[in-house]
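Going down the list, the sequences are from chains Z and V. The opening position of the first sequence corresponds to residue 6 in my numbering, with each subsequent residue numbered one higher. The opening position of the second sequence corresponds to residue 33 in my numbering, with each subsequent residue numbered one higher.
I should point out that these hints are in silico values taken from the structure, not numbers from a laboratory. Careful: at least some of the hints might be erroneous.
[To be verified] Some chain Z residues near chain V, calculated using beta-carbon distances under 8 Å:
#1 A93
#2 T100
#3 R128
#4 N201
#5 T212
#6 L225
#7 L232
#8 G271
#9 N272
#10 P327
#11 G330
#12 Q332
Glycine included, every Cβ here is placed at the ideal spot set by N, Cα and C.
Read off the chains here:
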Amino acid sequence: MTTTPEDLRTDQTPLAPGAPRSGTTFLGLPTAPRGVGHLRGDRSFPDAARDALRDGQLRANLGHATTTIRGKRARVVAELPDWAQLRAAGSALKTATMARLDEHLEELERQVTARGGTVHWARDAAEANRIVTELVQATGSDEVVKVKSMATQEIGLNEALEAAGITAHETDLAELIVQLGDDKPSHILVPAIHKNRAEIREIFLRTMPQFQGEGADRDLPDEPRRLAMAARAHLRERFLRARVAISGANFAVAETGTLAVVESEGNGRMCLTLPETLITVMGIEKLVPTWRDLEVFLQLLPRSSTGERMNPYTSTWAGVTPGDGPQDFHLVLLDNGRTAVLADEVGRQALHCIRCSACLNVCPVYERTGGHSYGSVYPGPIGAILSPQLTGVEDNASLPYASSLCGACYDVCPVAIDIPSVLVHLRAEHVEAQEKPTAESVAFRALATAMSHPRLWRLAQRAASLGRLLSRGKPTMPNALPFPASAWTRSRDLPTPPAETFTSQWAREHGGRK
Amino acid sequence: MSAREEVLGRIRTALGETRAPVPEVLRDYRATDDRPADVLLDVLVDRLEDYKASVLRCGPDDVAASVSAALDAGLGAGWAPGSVVAAPGLPDAWRPGGLDTDDDRPPVRLADRAAALTAVAVAIAETGTLVLDGTPACGRRALSLLPDCLVCVVTADQVVGGVPEGLARLDPLRPLTMISGPSATSDIELERVEGVHGPRTLVVVLVG
Ligand code: SF4
Chain Z
6 MTTTPEDLRT DQTPLAPGAP RSGTTFLGLP TAPRGVGHLR GDRSFPDAAR
56 DALRDGQLRA NLGHATTTIR GKRARVVAEL PDWAQLRAAG SALKTATMAR
106 LDEHLEELER QVTARGGTVH WARDAAEANR IVTELVQATG SDEVVKVKSM
156 ATQEIGLNEA LEAAGITAHE TDLAELIVQL GDDKPSHILV PAIHKNRAEI
206 REIFLRTMPQ FQGEGADRDL PDEPRRLAMA ARAHLRERFL RARVAISGAN
256 FAVAETGTLA VVESEGNGRM CLTLPETLIT VMGIEKLVPT WRDLEVFLQL
306 LPRSSTGERM NPYTSTWAGV TPGDGPQDFH LVLLDNGRTA VLADEVGRQA
356 LHCIRCSACL NVCPVYERTG GHSYGSVYPG PIGAILSPQL TGVEDNASLP
406 YASSLCGACY DVCPVAIDIP SVLVHLRAEH VEAQEKPTAE SVAFRALATA
456 MSHPRLWRLA QRAASLGRLL SRGKPTMPNA LPFPASAWTR SRDLPTPPAE
506 TFTSQWAREH GGRK
Chain V
33 MSAREEVLGR IRTALGETRA PVPEVLRDYR ATDDRPADVL LDVLVDRLED
83 YKASVLRCGP DDVAASVSAA LDAGLGAGWA PGSVVAAPGL PDAWRPGGLD
133 TDDDRPPVRL ADRAAALTAV AVAIAETGTL VLDGTPACGR RALSLLPDCL
183 VCVVTADQVV GGVPEGLARL DPLRPLTMIS GPSATSDIEL ERVEGVHGPR
233 TLVVVLVG
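Looking at chain V on its own, in the form it has when it is part of the complex:
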């Protein structure tokens, strides 16, 4: 008998011939968050800052300037545009001039870039979570991982209240990366240290 048949057979034996009915799952937890949109933006900012991310807020016409300011904050003034690599589908209006664009280079060649710039698919206010879904505006997974500084642009219409609303907007077949603050560890005496392997600096530009 194949291992597959054997394991499935063991499960059927374990569950018995007359199976217990499947219990009903009550979903009486909060599925939506009724707080007004501007409150949710404030919650998102609060949570992100609690995770040691920096947040810059701006209007729809000032995104590129805010991204520049975000890169100043993450890298220090005087960063070279060529050392920042942007997701290929990022709107032109959001990009400061001279940025490098991610192409088909081997992923490890992103490691020598100082910063990456991406959009997000969804942002969850309650948990301070940004979700990247691998579409061209978010970029491939290595892009938001290897450079030491990550700048994400979030628009107000992408912000939802809680985890259920966030997951409902996502495509489970895409490779998803949920980011809540910069990389962190608490493995040494439970003292939190930001930045081990992933980006050590996370700057969020919140539009709207």
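Next comes chain Z alone, as it looks inside the complex:
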């Protein structure tokens, strides 16, 4: 990427402040700007998914991974007799946080500042990238170590740093695999889930300095243990020399100014502890009002996420602590479309997401199409509702259709986000946005009504008349894709609905599960 963050200032924001937002949403707040970050794919979901469906290796890797993790999650969730109460509390806490988001952010700023940290505000990705780049430049360092963070992926921070001559080293094993493989993450929690051990071995041999050159030992078995140790050797020296680290945050406690990062490997601890300067980029929705609230989320997150009772490491810090850890701490609070999401009373619950990835692991569509098909750093069911809201639904129009509305995502979500309802809401909004009353928009308006209830929708899918109403072209999609996604390949080129709907195929293949 050759553009600098300055070139990408907010003039490319799809909607200026105060501009009316399309559809039924009452307000116009700026969405994430085009031309920076990774919220928009190059292709629509159906186009990308079509290729993914042809990739047997990818499907095998994904199928194995999601099945394994689903089982682990179910076991440890069943262990807690009060899971339902924790989930309800998590949901209520997030609703309560959003209802007074401005006040909590101001309190967080006061507390972080009082403890020696510096708080920065960023309207969007370009501004956040510029702030972070300048902070790194001020240290005189031309490299940084990074903790895996969705927020920094969302804003394309690595590319912005690179454009400024700063090298960003990802230190999470999966992120490292993705970075060395010149690839993109495909899962929130395990970004290299689409790669198997043989593929990872090949990437390491090709890119790690310790395997290059005359006389280097190129004997690297593809056992996960040996691969992990190769990564350890590769990163160790980087950690010890790093002067600047960049992280995200899983939680921030408004009341105390405490930040929290949850991880497994210890790479997070390395980055949060050893460098002199720590820069944390955090979406404005990530905070909780009080310290006590963490007692809920620290139970919900690890069990939903990796299927463990607790993740190996959780680090918390408030400002700077003399003699322990970075002595210069910066917190960047990022909007980048979040306030536009907040303005939508139905869709705002997408901001409750704690990025556990449970919804990805149960999603029949994700399991077959993989994370790359969603085009955004947020894949799977949460991505299907979050990305179109952050960018404006017109820029991710196919994503609300990338779901079978089976409801499995809602059932597992630890903060009870009603993803199917938000999907239906966004579909309706997208239809509303079709300005001209074309045949398609009339048809989709009818569809939106049908889709307003999953059961009604399944009934409608079975009704041949609906298929005939929409059927104009030839079938272009493999029938493993859900009908709504296949229908929305292009509004001008509507295919015939597949002989079997995705929902019914799923039910047939998975023992009649709804």
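Please build the complex by placing chain V with the ligand on the supplied structure of chain Z, with the hints as guidance.
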């Protein structure tokens, strides 16, 4: 307008002039764990071992000997006392003779030590979690991170049942490290591998 004012203004616009009331948060989940103390110790041991940590139990008078045994387990017999670095505030009675003490050395100079020895602030039985809070007995964060083997001494009175009881005992203004088993990754085909960047071996001495 500053970015701060603009973002806060957008939030106020998004929430509207008449704000919805803040919903009540029902905390009807388990806040305490009524199991007897000795049961909680057993649960803690079970969870720690499930995470591939080793646990040695001992009485209050045998801590130093158990720490030695723990270091045998983590490093193999014949370890050099000078290669083990202890938190500065660790009680003398817990320390086998000859251990190095952490001082003001640059944190990266802890990387060549074979093992670190610390106390904990709290241990959470239900999740097998040890919490270090940066006080002198627990040491700074780098101490429990860089040496490849970590030995933690936990006393029975530090063991609580669940996460709520654990967090309630902690000071959110201190830098906290919650440790549940050794460093681990599942990034390659979801197969768990212990030890990537943090200590690969965790040995717990449980007193009482
Ligand atoms: S939407 Fe719910 S299930 Fe999905 S990642 Fe977010 S918190 Fe987890």
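Structure-based check of each hint:
The closest approach between the C-beta of A93 (chain Z) and any C-beta of chain V is roughly 6 Å, which is under the 8 Å cut-off, so the hint is satisfied. A cut of 8 Å between beta carbons decides the hint on T100 (chain Z): the least distance to chain V is about 5 Å, and the hint holds. Taking 8 Å as the C-beta cut-off, the interface hint given for R128 (chain Z) holds, the closest approach to chain V being about 5 Å. Interface hint at N201 (chain Z): satisfied, since its Cβ lies 6 Å from the closest Cβ of chain V, which is below the 8 Å cut-off.
Because the smallest distance between the Cβ of T212 (chain Z) and any Cβ of chain V comes to about 16 Å, over 8 Å, the interface hint for this residue is violated. The closest approach between the C-beta of L225 (chain Z) and any C-beta of chain V is roughly 13 Å, which is over the 8 Å cut-off, so the hint fails. The interface hint given for L232 (chain Z) holds, since its Cβ lies 6 Å from the closest Cβ of chain V, which is under the 8 Å cut-off. For G271 (chain Z), the interface hint holds, the least distance from its beta-carbon to any beta-carbon of chain V being 3 Å, beneath 8 Å.
For N272 (chain Z), the shortest C-beta to C-beta distance to chain V is roughly 5 Å, which falls under 8 Å, so the interface hint holds. At about 10 Å, the closest approach between the beta carbon of P327 (chain Z) and any beta carbon in chain V exceeds 8 Å, and the interface hint on this residue is violated. Satisfaction of the interface hint for G330 (chain Z) is found here, the shortest Cβ-Cβ separation to chain V being roughly 6 Å, below the 8 Å cut-off. The interface hint given for Q332 (chain Z) is broken, as the beta carbon of that residue sits about 12 Å from the closest beta carbon of chain V, more than 8 Å.
Going through the hint list in order, the structure does not satisfy hints 5, 6, 10 and 12.
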